[in-house]
Amino acid sequence: MRSVFFELNGLIKSELGFFTALNGNVRASLSGLLLADETRDASVVKQLIQYYQELIDVKFSRSEFTYFAAYLLLKQENEDVPEIAKRAKEIHRCLKKFHPFLTGPEDATSSVMLATLDAKLSPQAIADIVEFYFQEFADLDFHKNNGLQALAATSALLYGKKDRTFVARVRSLLNELDKNDMKVKELYYNTIGILAYVLDGKKLDSRFFELVAGLSELPGLKFFGKTFATALAMSLYTEEITGQMNQEQVENLMVSVHVLIAMEQASAVAATAAASAAAASSS
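Final position of the sequence shown in my numbering is 283; the numbers increase by one with none missing.
Treat each hint with caution, since some may be false.
Said to hold, decoys possible - Ranges between beta-carbon positions, derived for each pair:
1. GLU210 x LYS96: 39 to 49 Å
2. GLY32 x GLY220: 19 to 29 Å
3. ARG164 x GLN124: 19 to 29 Å
4. LEU140 x GLU7: 43 to 53 Å
5. GLU7 x ASP178: 44 to 54 Å
6. THR165 x ARG207: 17 to 27 Å
7. LYS202 x ALA138: 21 to 31 Å
8. GLU239 x ASP178: 35 to 45 Å
Stated by the list, open to error - Capping the alpha-carbon separation at 27 Å, the derived lysine-lysine pairs in DSS-like fashion look like this:
9. LYS97 x LYS202
10. LYS162 x LYS203
11. LYS96 x LYS120
12. LYS96 x LYS86
13. LYS161 x LYS179
14. LYS96 x LYS59
15. LYS162 x LYS202
I should point out that these hints are in silico values taken from the structure, not numbers from a laboratory. C-beta atoms are modelled at their ideal positions from N, C-alpha and C, and glycine is treated no differently.
The task is simple: from the sequences and hints, build the whole structure.
Shown next, in the form of structure tokens:
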């Protein structure tokens with residue numbers, strides 16, 4: 001496993017050369033995703049880079065986020081990738097009209113996945129669905145930030161329409177968390193949406209709260225605080241419930257999970273880079 005990871009990392013590095021927006025951390029993240037897909041073929045790495053170029057050709061930014069969007073295009077078997085790329089850019093433009101200062105390079109991943117929704121939906125119609133969830137969740141006291149935009153996009157992916165029942169389920173989940181003194185943080189905005197989806201109207205059971213309490217007390221996690229423990233508990237609990245879902249629900253969820261993985265990886269790398277740059281400039 002370790003040798004395959006380094007092999008993939010080396011393949012990506014050799015294919016890209018020196019002049020690239022892809023730093024070592026992002027390259028390692030992509031290698032990990034390919035490894036999880038049981039990929040070790042050089043042709044897949046070449047295809048990833050080709051898809052990145054397809055996205056650049058339609059005017060997505062040369063950034064680490066676009067590499068993750070290219071990774072998501074690998075999931076589109078037997079599809080017209082250039083057309084998906086064009087449609088994704090149109091969706092991105094429509095999203096930007098709603099939130100010109102919020103929508104940026106980090107939304108490339110969700111735009112690509114939104115582009116795979118029913119072809120009968122125009123880019124504007126898709127952006128309208130995302131905006132519906134954005135405003136509905138903002139009314140539930142989610143802060144208007146990148147986390148909320150990601151949650152709104154994930155909701156649109158899961159349902160492909162404006163679904164007020166889902167909004168009510170998110171509200172119910174928030175109420176449960178609030179009753180147990182669990183504050184909602186941007187770190188797990190998206191996970192809240194996925195958890196509300198997999199709960200399918202059911203309440204949280206004691207297992208979830210036991211997970212939060214147990215993880216909060218683990219010596220290795222105490223340093224990170226309750227926010228991290230809650231986020232991790234949500235992920236583990238969601239995974240547990242997924243095993244009880246039907247095939248269609250699982251397939252819909254997998255689309256969202258791929259977006260979540262890519263966006264979280266890209267965001268983490270961007271935050272690390274920004275922190276490093278700030279530290280360097282102040283020293």
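Consistency of beta-carbon spacing, LYS96 to GLU210, with hint 39 to 49 Å: 43 Å, holds
Proposed proximity, LYS202 with LYS97 (alpha carbon, max 27 Å): Between LYS97 and LYS202 the Cα gap is close to 36 Å, so the pair fails against 27 Å, i.e. violated.
Holds or violated: LYS162 to LYS203, with C-alpha atoms at most 27 Å apart: 23 Å, holds
Verdict for LYS202, ALA138 (Cβ pair) under range 21 to 31 Å: 25 Å, holds
Hinted pair LYS161 and LYS179, Cα distance within 27 Å: Violated. LYS161 to LYS179 sits at ~30 Å, over the 27 Å cutoff.
Given pair status - LYS86, LYS96, alpha carbons within 27 Å: The hint holds at about 15 Å.
27 Å Cα cutoff - pair LYS96, LYS120: Roughly 21 Å separates the two Cα atoms, so the pair holds.
Proposed proximity, LYS59 with LYS96 (alpha carbon, max 27 Å): 14 Å, holds
Verdict for THR165, ARG207 (Cβ pair) under range 17 to 27 Å: 24 Å, holds
Assessment of proposed distance window 19 to 29 Å (beta carbons of ARG164, GLN124): Holds, since ARG164 and GLN124 (Cβ atoms, about 21 Å apart) stay within the stated range.
Outcome of range test on Cβ distance (LEU140, GLU7; 43 to 53 Å): Because 46 Å falls inside the window, the suggested range holds.
44 to 54 Å as the expected CB spacing between ASP178 and GLU7, which holds or is violated: 48 Å, holds
Hint compliance for this structure: hints 8, 9 and 13 are broken, all remaining hints hold.
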